[in-house]
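**Student:** For reference, the chains in residue letters:
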Amino acid sequence: MSKIDLSVNIGKLKLRNPIMLASGTVGYGNEISEFTDLNKIGGIVTKSLSLKPRKGNPPQRIVETPAGMLNAIGLANVGVEEFLKEKIPFLKKYDVPLICNIAASTLEEYVECTRILTQEETIKAFEINVSCPNVKEGGLQFGNDVSAVGKITEKVKSVTDKPVIIKLSPNVSYISEFAKAVKKEGGDAVSAINTLVGTSFNIFTKRPKLFNISGGLSGPAIKPVALAKVLEIKRNVDIPIIGIGGISNWQDVIEFMIVGASAVQLGTINFIDPSAAGKILTQLEEYCTKYGVTKLSELTGSYKI
Amino acid sequence: MFITKAPVEKSIELDHNIYLLKIHSPEIANNVRPGQFLNIRVSESMYPLLRRPFSVCDVEGEFIYLMFNIYGEGTRLLSRKHKGDMIDILGPLGNGFNIEDNYDTAVIVAGGLGAAPFAFLTRSISENKNIHSFIGGRTYQDVITYGMKNVSAATDDGSKGFKGTVVDLFRKEFDNIKGNKIKIFGCGPNAMLSALKDFSLSKNINCEVSTECAMACGFGICQGCPIESTEHPEKYYLVCKDGPVFNVKDVVI
Numbered sequence: 000m001s002k003i004d005l006s007v008n009i010g011k012l013k014l015r016n017p018i019m020l021a022s023g024t025v026g027y028g029n030e031i032s033e034f035t036d037l038n039k040i041g042g043i044v045t046k047s048l049s050l051k052p053r054k055g056n057p058p059q060r061i062v063e064t065p066a067g068m069l070n071a072i073g074l075a076n077v078g079v080e081e082f083l084k085e086k087i088p089f090l091k092k093y094d095v096p097l098i099c100n101i102a103a104s105t106l107e108e109y110v111e112c113t114r115i116l117t118q119e120e121t122i123k124a125f126e127i128n129v130s131c132p133n134v135k136e137g138g139l140q141f142g143n144d145v146s147a148v149g150k151i152t153e154k155v156k157s158v159t160d161k162p163v164i165i166k167l168s169p170n171v172s173y174i175s176e177f178a179k180a181v182k183k184e185g186g187d188a189v190s191a192i193n194t195l196v197g198t199s200f201n202i203f204t205k206r207p208k209l210f211n212i213s214g215g216l217s218g219p220a221i222k223p224v225a226l227a228k229v230l231e232i233k234r235n236v237d238i239p240i241i242g243i244g245g246i247s248n249w250q251d252v253i254e255f256m257i258v259g260a261s262a263v264q265l266g267t268i269n270f271i272d273p274s275a276a277g278k279i280l281t282q283l284e285e286y287c288t289k290y291g292v293t294k295l296s297e298l299t300g301s302y303k304i
Numbered sequence: 000m001f002i003t004k005a006p007v008e009k010s011i012e013l014d015h016n017i018y019l020l021k022i023h024s025p026e027i028a029n030n031v032r033p034g035q036f037l038n039i040r041v042s043e044s045m046y047p048l049l050r051r052p053f054s055v056c057d058v059e060g061e062f063i064y065l066m067f068n069i070y071g072e073g074t075r076l077l078s079r080k081h082k083g084d085m086i087d088i089l090g091p092l093g094n095g096f097n098i099e100d101n102y103d104t105a106v107i108v109a110g111g112l113g114a115a116p117f118a119f120l121t122r123s124i125s126e127n128k129n130i131h132s133f134i135g136g137r138t139y140q141d142v143i144t145y146g147m148k149n150v151s152a153a154t155d156d157g158s159k160g161f162k163g164t165v166v167d168l169f170r171k172e173f174d175n176i177k178g179n180k181i182k183i184f185g186c187g188p189n190a191m192l193s194a195l196k197d198f199s200l201s202k203n204i205n206c207e208v209s210t211e212c213a214m215a216c217g218f219g220i221c222q223g224c225p226i227e228s229t230e231h232p233e234k235y236y237l238v239c240k241d242g243p244v245f246n247v248k249d250v251v252i
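Which chain is which? The protein sequence lines are A and B, in order.
Just so we're aligned, residue 0 is where the first sequence starts under numbering that gives the first Met the number 0, counting upward by one.
Just so we're aligned, residue 0 is where the second sequence starts under numbering that gives the first Met the number 0, counting upward by one.
Chain B extracted, bound-state conformation:
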């Protein structure tokens, strides 16, 4: 965990209001794992005041990539960063996905910007494992496939791929996935994670999901990001410190 200032190498506008920021930070690049996040201070002024959490989208050598859309003032400011601008980073934070498990087929299920951590995950998963990526969005504009392999798309309006939810698509395709041992990696809106949890439990498949919650500090001191635990109902887990990645069985979604 560092506080560091790192220069923007490149700001890339992908299609449809999705941005990629390439940042030169050997410290972060050498220490981050897929599914971990960074808490970014977008301005030195008092507005916006809090840091913004972003999962690390990808790592290439000494460079890291962040993916975001313009949602509010913080992301608007971030979208205007240019080569050489310094970014104030706190990270890497959280636990990340466990990619070393015993599985031969990784199934990625992502909704909307939930795709953000999966370029890095795809790159990091050992080459002798199969990867299937199911990516959903409301319309074709929301289907983000950056850095992913073997993609099947689902849209609510049918404008790209399967018409329906991404979990419905995964359910439909499940029997066609060849593999002795599957592990699911999920990230997206709560409704999607909830459906994914039900499906993975019904099939008894190991499933890790990256969760989200409004937070301030990102490392456990503000206590702002609780998530209900299935095993310990008397206390909450913190998304920032105990997560953001959880085994889907361990949390109430």
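Just chain A, same shape as in the assembly:
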């Protein structure tokens, strides 16, 4: 049997296969490693890191919705310093590209986090969260402003030689305008999409279920939106795309690649089946064998319209 090539490139970042684990759905890797062999997946993206530790929002942080869930965690994280000291040693043990997701309240904080983290050789790339919907003072405002996204890309690129991926918000009219700004300022790739803003109310108390009132919608419910956003970027901007949004099985991976994704990230499915990544990889290989695909990356952008 001929060898199937599952490897993909996201700019200069080379992955052994397109299956990555999404930020905020795998912590810093240790819990999920009991169910998924990190040495087999394409890449792992850390929980968003900020310069200082963040406590996050009070409960309730999670609400289930039809075929999805809302979360308003509020970027709870250990901060850059503890991450380097306490979390990196575990991740170092694995042969898997580590991508650090960075969240910040100011442009300077994005730059400072990147400047510190880029010195750690285990970190192979950065994913910049310009679009967290659950933090009041930052995040979404940046993600809604094309020039701010361009500026963040430019400044972060100026302090690191490692690939910089900008994670885009779907809560905008034309996501491709943001991808254009990323490309113009030298960004290496975009990941799309972050969660959609949503809310849910208790009809008896008339109060919001989430402490934060609104949260980010994820899961299979958002997959069609994510596919449309990836396609919009693919048709308008020449930049590698990492597809995210409700991916739960191998068919979803193929669909995202066809509309333009070079790689994908599994998110909410990790909460339901933390062994999903391994299963999907096996099934992708079976798909390739059955349909005579020798190089999986050739699927990227192979849509026919």
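Everything labelled a hint here was simulated from the structure, so no lab data went into it.
Remember, predicted model here, so these are calculated numbers, not experimental data.
The beta-carbon is built from N, C-alpha and C at its ideal position, and this holds for glycine as well.
Do not rely on the hints blindly, as some may be mistaken.
[To be verified] Short derived list, chain B residues pointing at chain A, Cβ under 8 Å:
| no. | residue |
| --- | --- |
| 1 | 46 |
| 2 | 47 |
| 3 | 160 |
| 4 | 200 |
| 5 | 203 |
| 6 | 213 |
| 7 | 215 |
| 8 | 216 |
| 9 | 224 |
| 10 | 233 |
| 11 | 234 |
| 12 | 235 |
[Said to hold, decoys possible] Computed cross-link-like contacts, DSSO-like style, restricted to lysine-lysine with a CA-CA straight-line distance of at most 27 Å:
| no. | chain 1 | residue 1 | chain 2 | residue 2 |
| --- | --- | --- | --- | --- |
| 13 | B | 240 | A | 86 |
| 14 | B | 9 | B | 196 |
| 15 | A | 278 | B | 4 |
| 16 | B | 4 | B | 82 |
| 17 | A | 123 | A | 84 |
| 18 | A | 91 | B | 234 |
| 19 | A | 54 | B | 240 |
| 20 | B | 82 | A | 208 |
| 21 | A | 205 | A | 278 |
| 22 | A | 123 | A | 183 |
| 23 | A | 54 | B | 196 |
| 24 | A | 208 | A | 11 |
| 25 | A | 161 | A | 91 |
| 26 | A | 92 | B | 240 |
| 27 | B | 4 | A | 39 |
| 28 | B | 248 | B | 171 |
| 29 | B | 196 | B | 162 |
| 30 | A | 54 | B | 234 |
| 31 | A | 51 | B | 240 |
| 32 | A | 208 | B | 240 |
On the provided structure of chain A, position chain B as indicated by the hints.
**Tutor:** What follows is chain B alone, placed relative to chain A:
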């Protein structure tokens, strides 16, 4: 911690909308401790999407029991499982109660479905210790005593036992409990746990409570289930991983 598929042995409808599911799972039965929980995927479809957390109600040999009432779509589906249906289980999760402590008298205080973990706890506590169980509910229909010993009941409407809260009943009976060293095990609504915390602190009695919070994963990756820590106000504990059982002194309830 396993992901396993295990067959239903029997589905039992106890009184008043309370169900018991008996599942054959040697893996879980041999590894679970009282107070730990399982995260159950009730359907292979995308609705309901998330797993549901259930504390292990009891263990008999290779069988485990879950107790629940029909609350929403997930528990409705679970109530319709029959012998031979496979249940997708992630567990055992969380820390469980510490039953090996230095005490000679265990006092169980439970409200409503908070009774769920205590059949297993009662079975697991060494026979030379005394057990008193104070069980509360809104009405007699909500007083669940499955698998428990030496039960005193309290109801809000007085339809069974003491009229009032279960903590009020415990407070009233406290001086009658013989024992040199008491340990309290509590589970129930937050208002009950809060009253129990106040009482146990006022009497300086060791008290562990099982807490509850909406969660997705059940093992620490979603960060969805924070609970305020008394010792470390700068960060939250996670109910799923640091709990669900806490010493009542360690958490803000």
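**Student:** Hint by hint, note whether the structure agrees.
**Tutor:** Hint by hint, here is what the structure shows:
1. 46: holds (5 Å)
2. 47: Residue 47 of chain B check passes; min Cβ-Cβ to chain A is 6 Å, inside 8 Å.
3. 160: Because about 29 Å separates residue 160 of chain B from the closest Cβ in chain A, which is outside the 8 Å limit, the hint is violated.
4. 200: violated (23 Å)
5. 203: Not OK, violated: residue 203 of chain B not within 8 Å of chain A, min 29 Å.
6. 213: holds (5 Å)
7. 215: holds (4 Å)
8. 216: holds (4 Å)
9. 224: holds (7 Å)
10. 233: The hint holds - residue 233 of chain B has a Cβ within 8 Å of chain A, the shortest such distance being about 6 Å.
11. 234: holds (6 Å)
12. 235: holds (6 Å)
13. B:240 <-> A:86: Holds, at about 17 Å.
14. B:9 <-> B:196: Violated, because 37 Å separates the two Cα atoms, which is more than 27 Å.
15. A:278 <-> B:4: holds (16 Å)
16. B:4 <-> B:82: Measuring from Cα to Cα gives roughly 14 Å; hence the hint holds.
17. A:123 <-> A:84: Within the cut-off at roughly 17 Å; holds.
18. A:91 <-> B:234: This hinted pair holds, its Cα atoms lying about 26 Å apart.
19. A:54 <-> B:240: holds (16 Å)
20. B:82 <-> A:208: Violated. Residue 82 of chain B to residue 208 of chain A sits at ~36 Å, over the 27 Å cutoff.
21. A:205 <-> A:278: violated (42 Å)
22. A:123 <-> A:183: Within the cut-off at roughly 22 Å; holds.
23. A:54 <-> B:196: holds (25 Å)
24. A:208 <-> A:11: violated (43 Å)
25. A:161 <-> A:91: holds (17 Å)
26. A:92 <-> B:240: Cα-Cα ~23 Å, so holds.
27. B:4 <-> A:39: holds (24 Å)
28. B:248 <-> B:171: holds (22 Å)
29. B:196 <-> B:162: holds (21 Å)
30. A:54 <-> B:234: holds (5 Å)
31. A:51 <-> B:240: holds (23 Å)
32. A:208 <-> B:240: Holds: residue 208 of chain A and residue 240 of chain B sit about 23 Å apart, inside 27 Å.
Going through the hint list in order, the structure does not satisfy hints 3, 4, 5, 14, 20, 21, 24.
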